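Mind assembling these two chains? They're in different frames, but the hints should get you there.
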Amino acid sequence: MILVIAEQRDGKLNRATLETIAAAQQLSGDAAIKAVVLGQSVAAVAQDLVTAVGEVLLVENASLGTYTPDAFTAAVQQVVASVKPAYVLLPHTYQTRDFAPMAAVRLGASLITDVIGINGTGSGATFVRPMFQGKLSAEVRPQGDGPRCITIQIGAFRADAVKRGNPGAVTPTSVDIDPSTIRQSPEAPFKEAKQAVDLGQAERIVAVGRGIKSQENIAIAERLAKAMSAEIAASRPICDSGWLPMDRQIGSSGQTVAPKLYVALGISGAIQHLVGMKGARTIVAINKDADAPIFEVADYGIVGDLFEIVPALVTELEKP
Amino acid sequence: MKIAVCIKQVPTREWQPRINDARTWIREQDASYELNEPDAYALEEALRLREKHSGEVVVCAAGPTRIQQVIREALARGADRAIHVEDDSLASADASVTSAALASAMSDERFDLVLTGLQSDDQGHAQVGVMLAERLKIPHSTIIMEVQVDAGRLRVKRELEGGWFQWIGMPLPALLTIQSGINQLRYATLKGIMAAKKKEIRKAALPAGLASSQQIVALTLPTRTKQTAMISGAPPAAAKELVNRLRDEARAL
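If you're matching them up, the sequences are chains A and B in order. This note's numbering puts the last residue of the first sequence at 1030; the count rises by one with no breaks. This note's numbering puts the last residue of the second sequence at 290; the count rises by one with no breaks.
Isolated chain B, as found in the complex (with noise of 0.2 Å):
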């Protein structure tokens, strides 16, 4: 089976972002980065996959140039070679460029199956996977938390909202948003890290004239809802303090 896995590279978690002095993006000579989380997930569902049913694991992404570091650190977990859209644009690109520049690299590919992070830890669109099965014209289905793989068919377990799931059968090749979650990821190891340096990794042009469907006008601090009393001081007094207002104050307690 022929797998491709769609990554992206995002700020740390930690990181609290800072606005550049346009207001319209971070100020990303700040930030550090990782690996989205969710795409770790999907990653590692095409690396368990490709193991029970062999064949290969293609790590594809859009970014500057930057986004190699977790390129290389996905084939030191396991992929065997990579396609990179790299364009400096695409750091602040929206899911239908973003979803454009992949679905250009990856249709001469004819995957069998595409499966991307149910939705990225920055802008957060939850739009690219979805976008990219429409442009690549395959079927997908979201949020997935079990995929399994027969003759040529997906059946794959969805999940709904509070607690509901639900199986959904489809032939391949197919596209699936992985959800967090899913499995237990692993990590690369010395071995992997070294083998990585020598698999390909394939450069690709953005395609000219994607145009962004929207467009940033400002960024800002979230604006409170709500009055939050801080309470400060050494813990033993934070704590006392906290427990008599929420006796006498919320009547929480």
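Chain A on its own, in the form it takes in the complex (with noise of 0.2 Å):
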């Protein structure tokens, strides 16, 4: 059996939960798939579940109104405990990040994280996930005789691809949790600041990374970026470093965009940055190392020295 994890913010799904699903329809072979939702108040979460899983287990609880890791890893790892899974999948997403390691060590459980792609079904599967900046992918096998707990990376299955079928039990599942054991007091969610652009919203992008080398040469790239009436963005060391703002940034701590166009300057293509990027319809990289993640997922490619290959470019779109 599978048990899959649903994340929900203020009682919505989590849409990487539907992806989850999709992965876990994909190993599970003819085995039976259980949803657990955990929370207070997030009966309707469970009610968006039930015609894509057997069974949805409705974990409420007062403590698991509001997350933290202490009170998450208490009641997966009593829900686990008495379902007996034989995989646990979750959406490779921050909270999973914040309370599945520890888990995993109560459970005495294996952890894949950041799947990509499964081979095979049932106990034999392997998975598939990048190493080194995603410049080599893994084939990994769960090792031991705990439950096999696995992360599905953002957009790595589809979750418009998830098999619905006549909706399955929602069953109302008990979890105790002393308030006392809970370590963490979080405060509310906040925004930093007003975000000045939307870049969600751009038709299209030209965006930088390391390869861009200081910040003066910011300037190379805004050239571009009027040439081509594009929004100008970065990836995340870029912002890090405050050679642009924060808001311009793309990537899983930052927007997450599918314009017409994106061009990507001396970007290497690390995962945190294509999970922002990848659903653009036409995308464009130059970089010097031809051996660079973001190939993989661009339409057009140029190997060369950007500082030589960008004001060309300009001056090719400034011909009348």
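It cannot be assumed that every hint is accurate.
Unchecked claim - Footprint (simulated), chain B over chain A, 3 or more residues, beta carbon under 8 Å: (1) 834-848; (2) 875-886; (3) 1005-1015.
Claimed, not checked - No more than 16 Å apart at the CA atoms, straight line, and that leaves these computed lysine to aspartate or glutamate pairs for EDC-like: (4) A:Lys901 to B:Glu198; (5) B:Lys263 to A:Glu1006; (6) B:Lys277 to A:Glu1018; (7) A:Lys923 to A:Glu1026; (8) B:Lys240 to B:Asp124; (9) A:Lys923 to B:Glu286; (10) A:Lys936 to A:Glu1026; (11) B:Lys39 to B:Glu146; (12) B:Lys228 to B:Asp145; (13) B:Lys236 to B:Glu93; (14) A:Lys998 to A:Glu1018; (15) B:Lys174 to A:Glu902; (16) A:Lys873 to A:Glu765; (17) B:Lys277 to A:Glu1028; (18) B:Lys39 to B:Asp149; (19) A:Lys901 to B:Glu146; (20) B:Lys194 to A:Asp855; (21) A:Lys970 to B:Asp285; (22) B:Lys39 to B:Asp117; (23) B:Lys277 to A:Glu1026; (24) A:Lys923 to A:Glu1006; (25) B:Lys263 to A:Asp1001; (26) B:Lys234 to B:Asp117; (27) A:Lys970 to B:Glu286; (28) B:Lys194 to A:Glu897; (29) B:Lys174 to B:Glu198; (30) A:Lys722 to A:Asp758; (31) A:Lys1029 to B:Glu278; (32) A:Lys873 to A:Asp740; (33) A:Lys998 to B:Glu146.
Calculated from the structure, these hints are not laboratory results. Note that the structure is a prediction, hence the values are computed from the model and not measured. Using N, Cα and C, we set each Cβ at its ideal position, and we do this for glycine too.
Take a look at the structure:
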């Protein structure tokens, strides 16, 4: 049996959960799939999943109303102990990253994170995950006798590929969480500043990465952006260095975009960046390293020195 | 405050990994190595906390002999001493084994605060920090962008997805995984490099009987999800072809 741990915030299902169910359906063979929804007043989330899995376990508890790793680990530990799944699948979100390793230690489970592909079904399955910044793929087999926890990378499986059936049961399931064992006290989530630019609305984006080398060189990319009527954006390291403001960042910790055209300049294509832009309709990559992972998602690629190619592009675009 | 920083030595970002003959690991003999970048931010944060609250910064690492390179570098940047769990098998160990190795060498030290990077640039499990917290039986929080310490308690700013943040309170001792970009890194000075030579590196043995939780069956180059049209030629010609194809073929301009 496969148990999918659903993710919700404020009673709204995180779509990555459906992608995880798609992965579970591919992995399951004939095995049953159950989902568990953890929270407080989250029955509506359970209803969203009833046609996608055989049974939804609804775990409502006052200690789960606001996420903490301690409470979620305690709850997952009890649910897994009672339903005894062969596999536990989770979306590879920041929340999963916060508690799944703790739960794996408690459960004596193996934990394979950031999975992008599954070979085979059932107990013999192996899992594909990126390593070395996406420059290599590793096929990995879980070891040991415990449950096998697998986290599924966002966008690796398609939510609309989920096979739906007759609605299954929603089974209220109780867990026992002693509030005094929860060591984290979270405050309300907030946004740093009102986002000045909504890159999600941009038709075209020119994005720069480490290959731009210095803050002064950003101007080179800005000229191309102007010539293309594009917004300028960047990968995380550029914003970390303060070369462009944080609200220009594309990736898992920044904005997710799907423009008509995305031009990646000197961006190697770490997975944290790719999840934010691989939905773009046309992707151009310009990078000196022919092995850079960005070329795996690119429609057009130029291997070479961006400091030569970008000015040439501007000249070409400005020709009457 | 007694602060531990866990660091890892990883192949340099510029290196295109080459796969060994068994196809189960990289050809380590071809790699050059550096400090895992997220760990550099954790180290910097520890040094800043020491400046503010006084105390000690201890670098903790698990790996083969070669990782002394990055241990010395961390000492040169200002850490006070180091603990090295030394074993050749740790070069490709998974997060479960690495966290158990670190925990065995760190538990007697009773650190007030343990910092790690949020993930490594090599295997990238993003698990060691949280597993280590559980093995040390201390609370944790992950992907931290700001650390405040006041009267034995932590208040930390945790990054959520899509530009959201959240403050979390927690008692000490605790473990935090640090997000890259939390601070501006400092580099070693010549004085720091000289001083590092005299700093203590305590060697610890790998506990027996740690079982891997996963096995790499095969390493491969990633499969392309798209047919990429590679455009070659001198920059002006390549630029012309790309612009034409973006206009006529992709209709993106």
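Cross-check of the supplied hints:
1. With 10 residues bearing a CB less than 8 Å from a CB of chain B, the stretch 834-848 of chain A meets the requirement of three and the coverage assertion stands.
2. By the rule of at least three residues with a Cβ nearer than 8 Å to a Cβ of chain B, the coverage given for the stretch 875-886 of chain A is violated, with 0 such residues.
3. Coverage of the stretch 1005-1015 of chain A by chain B holds in this model, with 11 residues showing a Cβ closer than 8 Å to a Cβ of that chain against a need of three.
4. Restraint check: the Cα-Cα separation between Lys901 (chain A) and Glu198 (chain B) comes to about 10 Å, which is no more than 16 Å; the hinted pair holds.
5. Restraint check: the Cα-Cα separation between Lys263 (chain B) and Glu1006 (chain A) comes to about 6 Å, which is no more than 16 Å; the hinted pair holds.
6. Between Lys277 (chain B) and Glu1018 (chain A) the alpha-carbon distance is near 13 Å, which keeps this suggested pair within the 16 Å criterion.
7. Under the criterion of a C-alpha separation no larger than 16 Å, the hint pairing Lys923 (chain A) with Glu1026 (chain A) is inconsistent with the structure, at around 24 Å.
8. Between Lys240 (chain B) and Asp124 (chain B), the direct Cα distance comes to roughly 10 Å. Compliance with the 16 Å bound is thereby established for this hinted pair.
9. For the hint linking Lys923 (chain A) to Glu286 (chain B), the alpha-carbon distance of about 32 Å lies beyond 16 Å, and the restraint is violated.
10. A hinted pair counts as satisfied when its Cα atoms are at most 16 Å apart, and Lys936 (chain A) with Glu1026 (chain A) qualifies at roughly 13 Å.
11. Between Lys39 (chain B) and Glu146 (chain B) the alpha-carbon distance is near 9 Å, which keeps this suggested pair within the 16 Å criterion.
12. For the proposed pair Lys228 (chain B) and Asp145 (chain B), the alpha carbon gap of about 31 Å is over 16 Å, so the pair is violated.
13. In summary, the hint linking Lys236 (chain B) to Glu93 (chain B) is supported, as the alpha carbons are separated by about 13 Å, within the 16 Å threshold.
14. Taking the CA atoms of Lys998 (chain A) and Glu1018 (chain A), the gap is about 11 Å. The hint holds against a cut of 16 Å.
15. Taking the CA atoms of Lys174 (chain B) and Glu902 (chain A), the gap is about 32 Å. The hint is violated against a cut of 16 Å.
16. Between Lys873 (chain A) and Glu765 (chain A), the direct Cα distance comes to roughly 14 Å. Compliance with the 16 Å bound is thereby established for this hinted pair.
17. For the given pair, Lys277 (chain B) sits about 11 Å from Glu1028 (chain A) by alpha-carbon distance, which is consistent with the 16 Å threshold.
18. With a C-alpha separation of about 5 Å, the suggested pair Lys39 (chain B) and Asp149 (chain B) falls inside the 16 Å cut-off, and the hint holds.
19. Of the pairs offered as hints, the one joining Lys901 (chain A) and Glu146 (chain B) is violated, with about 38 Å between alpha carbons and a cut-off of 16 Å exceeded.
20. A hinted pair counts as satisfied when its Cα atoms are at most 16 Å apart, and Lys194 (chain B) with Asp855 (chain A) does not qualify at roughly 37 Å.
21. This hinted pair checks out: Lys970 (chain A) and Asp285 (chain B) have alpha carbons roughly 14 Å apart, not beyond 16 Å.
22. Restraint check for Lys39 (chain B) and Asp117 (chain B): the C-alpha separation of about 11 Å stays at or below 16 Å, so the hint holds.
23. Only pairs whose Cα atoms come within 16 Å are accepted, and Lys277 (chain B) paired with Glu1026 (chain A) is accepted, the gap being roughly 6 Å.
24. Pair hint Lys923 (chain A) plus Glu1006 (chain A) does not hold up; C-alpha atoms about 23 Å apart against a cutoff of 16 Å.
25. Restraint check for Lys263 (chain B) and Asp1001 (chain A): the C-alpha separation of about 15 Å stays at or below 16 Å, so the hint holds.
26. Distance restraint check for Lys234 (chain B) and Asp117 (chain B): the Cα-Cα separation of roughly 11 Å lies within the 16 Å cut-off, and the hinted pair is therefore satisfied.
27. For the suggested pair Lys970 (chain A) and Glu286 (chain B), the alpha carbons sit about 13 Å apart, so the restraint of at most 16 Å is met.
28. Under the criterion of a C-alpha separation no larger than 16 Å, the hint pairing Lys194 (chain B) with Glu897 (chain A) is consistent with the structure, at around 10 Å.
29. Between Lys174 (chain B) and Glu198 (chain B), the direct Cα distance comes to roughly 27 Å. Violation of the 16 Å bound is thereby established for this hinted pair.
30. Pair hint Lys722 (chain A) plus Asp758 (chain A) holds up; C-alpha atoms about 10 Å apart against a cutoff of 16 Å.
31. A C-alpha spacing of about 14 Å is found between Lys1029 (chain A) and Glu278 (chain B), which places the hinted pair at or below 16 Å, so the restraint holds.
32. Of the pairs offered as hints, the one joining Lys873 (chain A) and Asp740 (chain A) holds, with about 13 Å between alpha carbons and a cut-off of 16 Å not exceeded.
33. Of the pairs offered as hints, the one joining Lys998 (chain A) and Glu146 (chain B) is violated, with about 46 Å between alpha carbons and a cut-off of 16 Å exceeded.
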